[in-house]
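Enquirer: So the chains spell out like this:
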Amino acid sequence: MGFERFGTVSFTTETKAADFINYLEKGQVSATRCKKCGRVYFPPRVQCADDLTTEVEWTSLSESGTLLTFTQVNYGPSGFENDTPYTLAVVEFDEGIRVFGRLDKTIPSGDIKVGMKLRAERLNLAEGKISYQFVKA
Amino acid sequence: MEKDVAIVGVGQSAFVRGSDMAVRELCFLAFSEALEGLKLKSNQIEASIICSAPEYDKQRSPAGVIAEYLNLIPNPTMYVETVCSSSTTGLRVGYSLIKSGLHNVVAVIGFQKMSELSSRDAAERMGRGGDIIWESPFGLTMPAGYAMYARAHMAAYGTTEEQMAKVRVKNSSYGSLNAKAVYRKILTLEEIMQSEPVTTPFKRFDCCANADGASCIILASKGVAEKLTGKPVWIMGLGSATDSTSMSGRKVLTGLSCAKNAAKQAYDMAGIGPEDIDVAEVHDCFTISEILAYEDLGFAGPGEGPKLIDEKQTYLDGKIPVNVDGGLLSKGHPIGATGGSQVRTIVKQLRGEGKDIQVKKATIGLVHNIGGVGIYGNVTILGR
Chain A
1 MGFERFGTVS FTTETKAADF INYLEKGQVS ATRCKKCGRV YFPPRVQCAD DLTTEVEWTS
61 LSESGTLLTF TQVNYGPSGF ENDTPYTLAV VEFDEGIRVF GRLDKTIPSG DIKVGMKLRA
121 ERLNLAEGKI SYQFVKA
Chain B
1001 MEKDVAIVGV GQSAFVRGSD MAVRELCFLA FSEALEGLKL KSNQIEASII CSAPEYDKQR
1061 SPAGVIAEYL NLIPNPTMYV ETVCSSSTTG LRVGYSLIKS GLHNVVAVIG FQKMSELSSR
1121 DAAERMGRGG DIIWESPFGL TMPAGYAMYA RAHMAAYGTT EEQMAKVRVK NSSYGSLNAK
1181 AVYRKILTLE EIMQSEPVTT PFKRFDCCAN ADGASCIILA SKGVAEKLTG KPVWIMGLGS
1241 ATDSTSMSGR KVLTGLSCAK NAAKQAYDMA GIGPEDIDVA EVHDCFTISE ILAYEDLGFA
1301 GPGEGPKLID EKQTYLDGKI PVNVDGGLLS KGHPIGATGG SQVRTIVKQL RGEGKDIQVK
1361 KATIGLVHNI GGVGIYGNVT ILGR
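In order, the protein sequences belong to chains A and B. The first sequence begins at 1 in this note's numbering and counts up one residue at a time. The second sequence begins at 1001 in this note's numbering and counts up one residue at a time.
Hint data in this document are derived by calculation from the structure and do not stem from the laboratory. Given the structure is predicted, the values throughout are model-derived calculations rather than measurements. Be a bit skeptical, because a hint or two may be false.
Stated by the list, open to error - Short, incomplete list of chain A residues facing chain B, as computed with Cβ under 8 angstroms: (1) PHE6; (2) THR15; (3) CYS37; (4) THR69; (5) GLY79.
Note that the Cβ used here is the ideal one computed from N, Cα and C, for glycine as well.
Excised from the complex, chain A in its bound form (with noise of 0.2 angstroms):
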């Protein structure tokens, strides 16, 4: 239980990683990284499929990361309705740690450019709900 919490929508209650939530409420956006490979996993997760094990710990994001590619959806699935246009956007930071998330929608769209810095930051939604975004570093 908890993971509910997290997105626009949600489709999952329960994970083992749902203490990137908690990091989120802190402010930090975090990976995983695996104790015994040191692969560093975003996606979270707390199983290494290399190791079969489950120790791992969490590490937040760098401070800036670069714009790699993006989006302006207008047609969104259900529950997104009322939330378009909004911009998806795949963002690379420096440990060259891919996360995949929203642009602050206060970002001029003819200010999105390809290799612009972001940096990720949490993002409280309506009726308790959270999640992360990508604002200018």
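Assemble chain B onto chain A, guided by the hints.
Expert: Okay, now just chain B, sitting in the frame of chain A:
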């Protein structure tokens, strides 16, 4: 090339919006076209593989009902799914059943009736196509996933929206000749460029349409194939690969890694290279998808896909004709049926039955069929 598993029959229903037929009746149309001219009865088909994307089906476990309707019982049937590439995954399974010696004749039947769902239900399914824990909560859609590939390609290579639109111009010109296509209107570059934005940089005409339809492929072992038909088409190469479902997990955003990996396997198995392909069907669910396919299949170098369409090299009389049946952009996309329809077009080309879209002296053809936003990649090489 080993000539041990052949395609002896291919068929498809017309692909339409809002069909007035039940799924099993659509499958019957594809099945009966595939058996045309073959001295083969339903009960001689030793196994059947049924392919669709189950989230769009009303019928739970459709394999049994379809096998029953087509008189394929009591022989074994099974269900195979990799979303939009389901029927070429079915082809891979069928090949294995024959190559293993377990069966001599196998039918691969793909279908989808997208209109079984209300648009509200379809929108709900649309929201669950990505990683449901980490990415669907942001409102990710299929078009948005491919649009991010388009944007990355534009940023890396200077690819333009006009170049993407040219793919639709080409495919609409061939779609106008395809009696089984949903969309038969010839589109101009201006009409495509001025269509309404869906998810940037895609506009309405950069996207294929949902459709209802079915396809069928009949496979046979060498000994049986040569008795059944004078024009067997041989499976020369099969490649199949998978990439992360999450966009976060993608190492490359300027091409589909699953397609590249599958292409390499298929070329290696066939002992040929991209220069040997005479005609290709590629998974143009969006205009950028065809450009990515040119590069992932080695028809063009990295970033040089747009040049191929600029130079009209993928037209019927070009260096490598691609999607001369109009592609998904014209035919529409009944998810589980699409791969089988692509295979049908290539088989007809290799038999010399392409009529007004026949590529001259076509002896080797390729099918590129992708599931999801580059999750599953199947590349199949066929020869006569």
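Enquirer: Each hint: holds or not?
Expert: Results of checking the hints against the structure:
no. : hint  : result
1   : PHE6  : 6 angstroms, holds
2   : THR15 : 6 angstroms, holds
3   : CYS37 : 17 angstroms, violated
4   : THR69 : 4 angstroms, holds
5   : GLY79 : 7 angstroms, holds
Checked against the numbered hints given earlier, this structure breaks only hint 3.
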